[in-house]
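K.L.:
Residue 262, in this note's numbering, is where the sequence shown stops; the numbers in between run on with no holes.
Note that these hints are calculated values from the structure, not bench results.
All values derive from a computational prediction rather than experimental measurement.
All C-beta atoms in this analysis are idealised placements derived from N, C-alpha and C, irrespective of residue type, glycine included.
No false leads were mixed into what you were given.
Restraint ranges, calculated between C-beta atoms of paired labels, are given here:
| no. | residue 1 | residue 2 | range |
| --- | --- | --- | --- |
| 1 | Glu-262 | Glu-178 | 33 to 43 Å |
| 2 | Thr-168 | Thr-89 | 32 to 42 Å |
| 3 | Leu-248 | Lys-88 | 52 to 62 Å |
In silico EDC-like cross-links for lysine to aspartate or glutamate, where the CA-CA straight-line distance does not exceed 16 Å:
| no. | residue 1 | residue 2 |
| --- | --- | --- |
| 4 | Lys-200 | Asp-187 |
| 5 | Lys-96 | Glu-112 |
| 6 | Lys-161 | Asp-187 |
| 7 | Lys-215 | Asp-187 |
| 8 | Lys-148 | Glu-160 |
| 9 | Lys-161 | Glu-193 |
| 10 | Lys-148 | Glu-184 |
| 11 | Lys-200 | Glu-184 |
| 12 | Lys-148 | Asp-181 |
| 13 | Lys-172 | Glu-136 |
| 14 | Lys-200 | Asp-218 |
| 15 | Lys-111 | Glu-132 |
| 16 | Lys-161 | Glu-132 |
| 17 | Lys-108 | Glu-95 |
| 18 | Lys-249 | Asp-218 |
| 19 | Lys-96 | Glu-132 |
| 20 | Lys-227 | Glu-193 |
| 21 | Lys-108 | Glu-132 |
| 22 | Lys-200 | Glu-160 |
| 23 | Lys-96 | Glu-107 |
| 24 | Lys-88 | Glu-112 |
| 25 | Lys-200 | Asp-236 |
| 26 | Lys-108 | Glu-142 |
| 27 | Lys-111 | Glu-142 |
| 28 | Lys-111 | Glu-87 |
| 29 | Lys-172 | Glu-138 |
| 30 | Lys-148 | Glu-132 |
| 31 | Lys-111 | Glu-95 |
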Amino acid sequence: IELEKTAFTSAEKQFLEGNVNTAEKLLKEYFEIYPQGTFGNPTKFYLAEIYFEKENFTETLTYYKAIVEQQVSSYTEKSLVRIVTLLKKEARLSEAIDYLEKLDQIASFEENRRFAKLNLMQAYFASNQFKKTLDASVVVLEVKNLDTSLQWDATLLKARSAVMLKDSLVAASAYEQLE
84 IELEKTAFTS AEKQFLEGNV NTAEKLLKEY FEIYPQGTFG NPTKFYLAEI
134 YFEKENFTET LTYYKAIVEQ QVSSYTEKSL VRIVTLLKKE ARLSEAIDYL
184 EKLDQIASFE ENRRFAKLNL MQAYFASNQF KKTLDASVVV LEVKNLDTSL
234 QWDATLLKAR SAVMLKDSLV AASAYEQLE
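My request is simple: use the sequences and hints to build the entire structure.
P.N.:
Following this line, the structure appears as structure tokens:
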């Protein structure tokens, strides 16, 4: 275990000092030698961060997803945010629903909880889940200090979802708020 700890500590030191190429090499070596090692999550997280910075998003997603599939840890919340950000960037928001729902449940930072709620509303709409969009828009509109443009987006999705659900009263009320 001492050799394992030394190998990880050496790699982590390089990562924290910003020596990403050396850190990447050492982290990969650690992972090859200790695939089920004690420092598996931080190793995956650091590799994901390195690949994120290098814009190697396929590798990035692989490592972040491996982290969130395990028991919740100090790396889970940040990994979920990164996964959603990448999927959104690639116009794959509907694929992010499960990650957003998990983020909404486990987020310890209010900013991340808000991020989850707003993106969930959009993801539900993008995947034609209009009842869930309607419910999510109501939750979003209750968020304190919500930016005006986000209020507009939430009200618009509420109106459009109500139309799709043939709820003319809710739709009319929402469209009226937009005028």
